[in-house]
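Visitor: Here the protein sequences come in this chain order: A and B.
Residue 23 in this note's numbering sits at position 23 of the first sequence, with consecutive numbering throughout.
Residue 304 in this note's numbering sits at position 304 of the second sequence, with consecutive numbering throughout.
None of these hints come from the bench; they were simulated from the model.
Keep in mind that a hint or two might mislead.
Not everything, but these chain A residues come out facing chain B in the computed CB check (under 10 Å) [stated by the list, open to error]:
1. V21
2. L24
3. V31
4. A39
5. H40
6. L42
7. K44
8. N46
9. L47
10. L93
11. D101
12. N106
13. P108
14. W142
15. R208
Some chain B residues near chain A, calculated using beta-carbon distances under 7 Å [what the hints assert, rightly or not]:
16. L40
17. K42
18. E259
19. R412
C-beta: ideal position from N, C-alpha, C; glycine also.
Residues per chain are reported as follows:
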Amino acid sequence: MRRRIILHRAGFTLLEMVVAVGLLALVMSNVYSVLGGTAHALSKRNLESDADNQAKRALERIAMAVIGAHADSLVPSSPSPGSVGDINYYEFLGVGDEDADGDGQNDPVFSDPMRIGATTEASGDVSWFQNPGTEYETHVVWVKDVPSVAVGETPGNGVDDNENGLVDETGLAFVKEGKRVRIVLSVRVSDGKGGFLERQKQTTVTCRN
Amino acid sequence: MKLSRYQQAPRSRRGGAMVAALLVVFAVATMGMIHVQLDLSKAREQRGAVDSKRAFYMAEAGLAEGFHGIAMGKSGNVGTAEEPARFANGVFFTTADEEGDGRVTLTSTGLCGAGRATLSIVIERTSESAASRGFFGDEQVTVEGGALVDSYDSRVGEYQPPGGQAGEASGGARVGCNGSVQVGGSSGVTVVYGDARPGPEGVLVRGRNTTITGTTAPYLTATALPPIEVPSYPSQGSVVTTLFAPLATLAPGDRSYWELHVGRLGKMTILGPSRIVVDQLRVDKGGELVINAADGPVKIYVTGNMNLAKGSKLSTPARDPIAVSLLVSAEQPAGAIPTGTPPPIQLATTGSFYGTIYAPSANVSIPGTMQVFGAASANRLTVQSNAKLHFDLALLIAGSEEGSLPSLLGWRLIELPDVAIVKLRYDALAELEKAGVDVKHAKNAHFEVGELAARVLPAKALLHKRNP
Chain A
1 MRRRIILHRA GFTLLEMVVA VGLLALVMSN VYSVLGGTAH ALSKRNLESD
51 ADNQAKRALE RIAMAVIGAH ADSLVPSSPS PGSVGDINYY EFLGVGDEDA
101 DGDGQNDPVF SDPMRIGATT EASGDVSWFQ NPGTEYETHV VWVKDVPSVA
151 VGETPGNGVD DNENGLVDET GLAFVKEGKR VRIVLSVRVS DGKGGFLERQ
201 KQTTVTCRN
Chain B
1 MKLSRYQQAP RSRRGGAMVA ALLVVFAVAT MGMIHVQLDL SKAREQRGAV
51 DSKRAFYMAE AGLAEGFHGI AMGKSGNVGT AEEPARFANG VFFTTADEEG
101 DGRVTLTSTG LCGAGRATLS IVIERTSESA ASRGFFGDEQ VTVEGGALVD
151 SYDSRVGEYQ PPGGQAGEAS GGARVGCNGS VQVGGSSGVT VVYGDARPGP
201 EGVLVRGRNT TITGTTAPYL TATALPPIEV PSYPSQGSVV TTLFAPLATL
251 APGDRSYWEL HVGRLGKMTI LGPSRIVVDQ LRVDKGGELV INAADGPVKI
301 YVTGNMNLAK GSKLSTPARD PIAVSLLVSA EQPAGAIPTG TPPPIQLATT
351 GSFYGTIYAP SANVSIPGTM QVFGAASANR LTVQSNAKLH FDLALLIAGS
401 EEGSLPSLLG WRLIELPDVA IVKLRYDALA ELEKAGVDVK HAKNAHFEVG
451 ELAARVLPAK ALLHKRNP
């Protein structure tokens, strides 16, 4: 008798099923929401981090080049708030074996002319050039996704829109004040969904030469 | 036997919820792990960037330390690749290479955490001290036939003749003039182991059998010989030695005399540290003037005449050219000197003089009986036949007491050196401390000139083990 009663209770009632499915749907939606949110946050954070690192690395690379440049070779000179989008320079390589000026001491040796600036006007890349403008010109792209106009700046209005002390500056901007050079770099990275992530980094370095 | 409701449930339903829960937990944990890994990787990347930046500034600190060392008269070497110097939470080592012409290349490698950077600068010693010019004349310099001019470095050791153990240093002599330079005569072999440079408008005249190993290019600009600023001290009258009182000793201190006169067979000793202002300095034949700078520098300012007669003796037992200075402020009379009027400086003495002679307005003629270890500057400088002049390279940096610093010619970033400690991908400071190496602080890790070359550096087992 007792055994029969147990057999009759082996299935689920409709109510039990409804409650179970409801709870499962609730749990699954929460899990999906948490996982989706996490994935989205992770993706966004990675994108931000990548953009930050990209800007930071490029800025450090440019800064190191400017630090090693001969201050007098840095042209053109632009006191703030004017800025330029590229910079030409020479690097000190050492003291050579020749005494061309006849002062009894061997002369310092400098590199071929170099330049840091936009690869082309429309490329959105910044390159390091050796022998720019000559048949021996070579270049290496140092950073991509550099906008033609700095982040937060409206071109051609003569106003410092992004309040960084520079007016209508380009995505890569140099300001030379004596031996010091201020470098401002903007990057604009696509998030793959039609949006963009923008970052601006800046540093000021002193030419050692 | 009575069974509970749970024990009676079908086997297929047992633990079903647990499996589902575990799956969810596993998925969330996996996501969490990925998140943590990504974060760690970013953190490592950022720490690496920070270490690189710190290593760069560590290397800059090494350059500054080497620069400071050179300004202080040391070699510029700070620490070594085997025993680097500690600076904050990293280490660096700086090497100094002499390039000639007073130029030095400093190369510094900084290590902090996993970061490494190597920087190099070329500096030029710009000491404007008169002594740094070597043997210099304002109007003319004449090195007569048979004379020898070479150099040595008193910081490294005693003078060695050219070709000796310290022969490398012998080629740094400096003979220069704002006017013309004449080297050699019709007789004898004249050798200048170093430069002989006339002034911008002057010429170099070479005699027969003359060798000049360095440059003979004229200076681009003339170098003015600044006048002597004679200090003022209370006068102590005169000190004269006689046959009855042949010995006299001037104790250390600053004082002024009308006359210091060492008579025949007399001996006068001036002890340092002292600054003596004297109008007349005379040493007669058979007399001896001893300038003892063993306990401190001696500066003798002669405002009138200095006459070290033939047969007299001048000695400087401390053998330190930096410590002894003879400064004669008297002016050479224009035109021929009238009979009976002594010239401001008469040098006919015998002996080895370790020091500097500076007479910007008077003529100096160094006799063949005298050896000068140091430097001499005068209005007209004549080095007589058979005289031997040995320029002390230590005087190149002796101007530091006047506040002059080396000037920077160039800075550059260079490749890391191929040494064991640089190849370590660990924190070098921590590894050295683990290995029991006593890492000296930067200020205590300087090397004197010549000290590093003479030292046999121990190879650290730690470094070779890590990088066979």
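Visitor: It remains to establish, for every hint, whether it holds in the given structure.
Guide: Okay, the hints, checked on the actual structure:
Given the 10 Å rule on beta carbons, the hint for V21(A) is violated: about 13 Å separates it from the nearest Cβ of chain B. The closest approach between the C-beta of L24(A) and any C-beta of chain B is roughly 8 Å, which is under the 10 Å cut-off, so the hint is satisfied. The beta carbon of V31(A) is positioned within 10 Å of a beta carbon in chain B (closest approach about 6 Å), and the interface hint is therefore held. Below 10 Å, beta-carbon pairs count as interface contacts, and A39(A) has one with chain B at about 8 Å; its hint therefore holds.
Look at H40(A): its Cβ only gets to about 12 Å from chain B, farther than 10 Å, so that hint breaks. Annotation: interface hint on L42(A) holds; nearest CB of chain B at approximately 6 Å, less than 10 Å. This hint is violated: K44(A) has a C-beta 13 Å from the nearest C-beta of chain B, more than the 10 Å allowed. Nearest Cβ of chain B to the Cβ of N46(A): about 7 Å, under the 10 Å cut. The hint holds.
With a least beta-carbon distance of about 12 Å to chain B, the hint placing L47(A) at the interface is violated under the 10 Å criterion. Of the supplied interface hints, the one on L93(A) holds, with its beta-carbon coming within about 7 Å of a beta-carbon of chain B, less than 10 Å. Interface restraint check for D101(A): the shortest CB-CB distance to chain B comes to about 8 Å, inside 10 Å, so the restraint holds. The beta carbon of N106(A) is positioned within 10 Å of a beta carbon in chain B (closest approach about 7 Å), and the interface hint is therefore held.
Annotation: P108(A) was flagged as interfacial toward chain B, and the flag holds, the nearest CB pair being 6 Å apart, inside 10 Å. Interface hint status for W142(A): violated, as the beta-carbon distance to the closest one in chain B is roughly 16 Å, over 10 Å. Interface restraint check for R208(A): the shortest CB-CB distance to chain B comes to about 3 Å, inside 10 Å, so the restraint holds. Given hint, L40(B) at the interface with chain A, is violated; its Cβ is 13 Å from that chain's nearest Cβ, farther than 7 Å.
Because the closest C-beta pair between K42(B) and chain A is about 6 Å apart, less than 7 Å, the hint holds. At a threshold of 7 Å, the smallest CB-CB gap from E259(B) to chain A is about 44 Å, leaving the interface hint violated. For R412(B), the interface hint holds, the least distance from its beta-carbon to any beta-carbon of chain A being 5 Å, beneath 7 Å.
Consistency note: the structure conflicts with the earlier hints numbered 1, 5, 7, 9, 14, 16 and 18.
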